[in-house]
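Trainee: Throw the hints in and build the complete structure from the sequences for me.
Below are the chains, spelled out letter by letter.
Number of protein chains: 4
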Amino acid sequence: MPGKLYYPQCTVFIVKGKTVSGNTFGNIFRITTFGESHGPALGVIIDGCPAGLLLDENVIQKELDRRRPGEPGNPAATPRFEPDKAEILSGVFNGTTTGTPIAILIKNTSQHSKDYTDISEKFRPGHADFSYFEKYGLRDYRGGGRSSGRETAARVAAGAVAKAFLREKGIFIKAWTEEAAGIKCGTYDESEIDNNSMKAPDKEAAGRMLESIDKLRMDGDSAGGIVAARIHGKIPAGLGEPVFDKLDALLGQAVLSIGAVKGIEFGAGFETARMKGSESNDPLSTGSEGEILFGKNNAGGILGGISSGAEIRFRVAVKPVPSIRKVQKTINTAKKEAEIAVHGRHDVCLCPRIVPVVEAMAALVITDLYLRNLASRI
Amino acid sequence: MPGKLYYPQCTVFIVKGKTVSGNTFGNIFRITTFGESHGPALGVIIDGCPAGLLLDENVIQKELDRRRPGEPGNPAATPRFEPDKAEILSGVFNGTTTGTPIAILIKNTSQHSKDYTDISEKFRPGHADFSYFEKYGLRDYRGGGRSSGRETAARVAAGAVAKAFLREKGIFIKAWTEEAAGIKCGTYDESEIDNNSMKAPDKEAAGRMLESIDKLRMDGDSAGGIVAARIHGKIPAGLGEPVFDKLDALLGQAVLSIGAVKGIEFGAGFETARMKGSESNDPLSTGSEGEILFGKNNAGGILGGISSGAEIRFRVAVKPVPSIRKVQKTINTAKKEAEIAVHGRHDVCLCPRIVPVVEAMAALVITDLYLRNLASRI
Amino acid sequence: MPGKLYYPQCTVFIVKGKTVSGNTFGNIFRITTFGESHGPALGVIIDGCPAGLLLDENVIQKELDRRRPGEPGNPAATPRFEPDKAEILSGVFNGTTTGTPIAILIKNTSQHSKDYTDISEKFRPGHADFSYFEKYGLRDYRGGGRSSGRETAARVAAGAVAKAFLREKGIFIKAWTEEAAGIKCGTYDESEIDNNSMKAPDKEAAGRMLESIDKLRMDGDSAGGIVAARIHGKIPAGLGEPVFDKLDALLGQAVLSIGAVKGIEFGAGFETARMKGSESNDPLSTGSEGEILFGKNNAGGILGGISSGAEIRFRVAVKPVPSIRKVQKTINTAKKEAEIAVHGRHDVCLCPRIVPVVEAMAALVITDLYLRNLASRI
Amino acid sequence: MPGKLYYPQCTVFIVKGKTVSGNTFGNIFRITTFGESHGPALGVIIDGCPAGLLLDENVIQKELDRRRPGEPGNPAATPRFEPDKAEILSGVFNGTTTGTPIAILIKNTSQHSKDYTDISEKFRPGHADFSYFEKYGLRDYRGGGRSSGRETAARVAAGAVAKAFLREKGIFIKAWTEEAAGIKCGTYDESEIDNNSMKAPDKEAAGRMLESIDKLRMDGDSAGGIVAARIHGKIPAGLGEPVFDKLDALLGQAVLSIGAVKGIEFGAGFETARMKGSESNDPLSTGSEGEILFGKNNAGGILGGISSGAEIRFRVAVKPVPSIRKVQKTINTAKKEAEIAVHGRHDVCLCPRIVPVVEAMAALVITDLYLRNLASRI
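As you go down the protein sequences, you meet chains A, B, C and D in turn. For the first sequence, the positions run 1 to 378 when the working numbering is used. For the second sequence, the positions run 1 to 378 when the working numbering is used. For the third sequence, the positions run 1 to 378 when the working numbering is used. For the fourth sequence, the positions run 1 to 378 when the working numbering is used.
What the hints contain is simulated information worked out from the structure, not anything from laboratory work. Incorrect hints may have been included.
One copy or any two copies: either way a pair holds, since identical chains are not told apart in the list.
[What the hints assert, rightly or not] DSBU-like, lysine-lysine: derived pairs with alpha carbons at most 35 Å apart: (1) LYS335 - LYS296; (2) LYS329 - LYS184; (3) LYS174 - LYS62; (4) LYS107 - LYS326; (5) LYS215 - LYS296; (6) LYS234 - LYS184; (7) LYS184 - LYS335; (8) LYS326 - LYS234; (9) LYS203 - LYS174; (10) LYS107 - LYS85; (11) LYS62 - LYS203; (12) LYS169 - LYS234; (13) LYS335 - LYS234; (14) LYS62 - LYS107; (15) LYS184 - LYS62; (16) LYS329 - LYS62; (17) LYS336 - LYS203; (18) LYS62 - LYS85; (19) LYS335 - LYS174.
As the structure is a computational prediction, the values presented were derived from the model and not from experiment.
Mentor: Quick look at the structure:
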């Protein structure tokens, strides 16, 4: 299905002043992020976090460190140095949340933009710069403005607070790289995930992924992959609202709002399309202590958009990094054909960096729905 | 990954009064739906539809008729008779919208609930009734309340207004059954889609789908499938907001909020996970009249969460209908093990009924983002 | 302070398509109204009403009847006949709310518009038709569209549900005409309010108000007045959010959104501007059973935007009906000077009709804040 | 109307964890404030400010300086030193807004809290501490948390951006002290307002106000007053939405959300209650150059909730500062009767400090409605 660009009619958007809206997410536990990758700082305000939660900057820093690229010996990531340091500016007193808005600040330190100048007049295929240029009529050649992957640092900071809340309720969220550069994990060892720079639960597969990625890097190419996630522990049945704010609908928005994600499926997902009902349905039974059991989990823990109490499972398609050194055909800002080879330090495979962002976005959704459930009691 | 239900901790939700929230969708073009499948009526208020749009009840009726089940000779659908008749109560004067809220009413006529009584004390595997019971502490044995598929009639009515708006802008939305009961379409003839009861673009494949479905019906079983969609015509580049309200994120929420949908992917979707960047990226070039062309459309018309001007493409996984006549293991409301065989008239494959709902939800997202783009001009 | 109209610069708004936004009010208990005074129907959807509340159409009808004009012997009101009949379309089952959206419909019966034709080309001084024309570039000569006083019927219907909720919590809202046509009430007998067509708590003053109003009607003139309100019973301390959603801020928006209201004050209101702190402050003490008492109530039950537990009190300035038979100077739609005498049946003093609307709007605010308080528990 | 506190029933709110919600204001031009008076910083995020607006920190600083107390020779204000310094963290590039969220930070410097310790166990009459204690079950003895007047610094910073936007459109907002300690202004000299520490437009009256206030300070008492405002210049007719988001309704919420404000009236306000329609209505005519004129401005520039193009006028009742040195009766946190004399440095009359906050809140409302008007074009 080759796509023809209907260029003439979008002239309507080429007007001078515009806003970049949609910076708020959530209903009761509600975050607003701000900041450009090359401005003085980025950050987030969390409005609606309940009082009484133990919280300090270490809780947030730990999560920020997990998304940091460039750990030694990690060929999947770029070696740029971004020492994201979280500062809590409000909403916490004596190590406890007060119920007031929590503002978290992350100062930008390395604001050099010289790496980008050579590509400032050509559109990188597969990259947001073309659609941004069409929308806003200008390019932030310094590294993407609000579209930069760096914006996700604010999400991870907010997600760290949500995860702390959920931990107190006995709910845990874990994401990992399930597949990268065509190599799949064969085993699941949760303790291994944060041990390797692929964030894969299978040590041996992680090693082979890194080898493949190293080879692609030398070829000037990049790799896609699959990130998977589970939400487990004391997940109550009943999370999710039955019409537009279904649990899977909100997780869908949350996760698809992460750059490079091209699809999401819950439980058996696309496989259910080829099943019969008698195969797809998860039978219910009871265990020895009267607990309710599902015989399998094709539903991924979600029935009718509401959590069933079974583990919540989803999988996410991550496309290859579009910025590659290999020569590609493109056009320039004057709409003339050109060739481009994107130099500079770029990630080869985004999966390990997306893992903590997926956890953060899922934590925001679960926390918000948890609080909405409480709100509906009278 | 068998799922153990953590039942004890959800007792917190078993309190008497609760609200079913999340009945509103959209930002500027904003809809609120209401109505139970067995109450006097259901409907929708559209707030934010611009004045000056030609609109009458036929425009809405035409779409409602497309989601109606039970056309003669359609073994995929249930033969229940639901003559959904749209009435416009406000917001339209002399066949033109006035800019005020548009209220659309669809009266319920057949409110008999006897078909459901035999299953009133057992949970149907794969069905929402278990998670609803856990959330709300009660069951609406009359047919699902807000979780009923009938709620989507209100979405289709609102979507008809959005489609009318988009048509005036030269933007068209088309969905179809791409695969059902394991049978895939091989050809794409758009004019064929509304000609067969599978809503498939391949007449011959549609015939084989119906045969398979007929056989499954006789076996007391059901089938899943894939619904695909394209948004084409004068799609402007620039739809979608760069952070949480990305075009794919909002389409994701919209489509995953339809019952039985277990996954969504954009463009090449999950396939991109196994591609290299040099394969995944869509090269840009220019045509003979200076128009911009994408060499292929792995991106599905979306780059960085913003439309690129290329055709927008996505695919949706639809699970099999969970209500089947075949005997299944389950538990009853007293949490004892039991067996269940769901009698009554049920759809075997939901794809044809989901097709117009997917179009409606996509139309709501595109219209809202289109108006948000206009709103950001100064 | 004579006002010069800066006409030229508003040309920017004279464009064809526009929306009439702002039809939703509330956060958790959230209403959206729809309907024009001369369309087929008007109504409201309430989203967020908790399940388990006893509700039937009589509860709503009783309130609608209180705002109906034209009771025999009521010279304050117009004798037009508007038999507002409430129908509940969803959200109620067996006389109890289910937590799903409650849609209430009020059909319009008398849709004749001939009374308005003679004024279709001149702007009525003091009336919304000039500002509407400037905003929307058109006039709904049929009676005001969304600006019609009839829109308040939908608010009263929604308010009836809120009042039913508050009654269960032991909270009561009562408004009355405190002053009209220059005549003030001297006594307060709550049982008298619904006994006279002025809705005044002082029978004798009500009689004199009606005499004055009758005289003004004969002169082709009209009268303003004061509506006062108290919220009493088991009002919990703690209603209201400390920053933008203070209790008085939200009551202010709610009440000032009623047509003809030109001011609101809480407790001693504008009088506090001339007090010393030692006079203005309400001292706290304890009663014989340990209950907390305020020595007086200059604060009107609100401290720092949050209810103190004392009775909530506010007063509302209602301007005279602008449509009068007396000849006035004006301009016509061609922007030429003209004279106008507004014929037809119009209210002389709006106070009695505004009384139930003030109660409804206050009930919506109190209910919403009550539920927000519940929502913030964990 | 002495108020009896219904204490027992508010026990429902005395639960441990709670959120302080309602920190966001506005629809398209939308602000979220954060920060406690004694935490590390306070600030605001503005989401929805159009790109292309000239903005630097001086624009914001200038407004912040106007609300600063303690200028030499100002007996109305407390001599505490608060050097509010605005830092822009995002959303501005090369002195121009980019359309992305604008984060503004104001660091707290003097965080000593010792002045408050002596009153930590008694409720100050007329002060928010009683209602806060009842709502949240705890007191922030360090100076009010989110209820502190210092929170308004964030509003003033956001308002400075809104005022810069409006200035470009030729719209100006000016507030002033019209009356304080019983002394009214007799003349209006706009250039005088920022010349005296009362922010009064009448130099001589300002002098007498300061004398009165000095005397009250020595008596350990305080004073109320009236703040008035005008919005003038190229005000377009058409600002305001016709139902719940009327211009006066939103200005009402905005201004009543400022602490110590007990009432608001538009145009002739409460006086219209005693007028006849023939007196209250503002006649329309045309001027020598065809411009439209209103003969007077009882409407305060607002008809049917929508700006008419005439100057917008409103007046605000400000109660006396509740913290006074004079001995008052009260109760303590153990609910026993007590006496209190509030020592420490407090303002005597809040009017001059409220003036820039009223301007800021009005600017936020006008900017938001201006952008909503643009948004509704198609």
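Trainee: Could you work out which of the previously given hints the structure breaks and list their numbers from low to high?
Mentor: Going through the list in order, the structure violates hints 7, 16 and 17 and respects the others.
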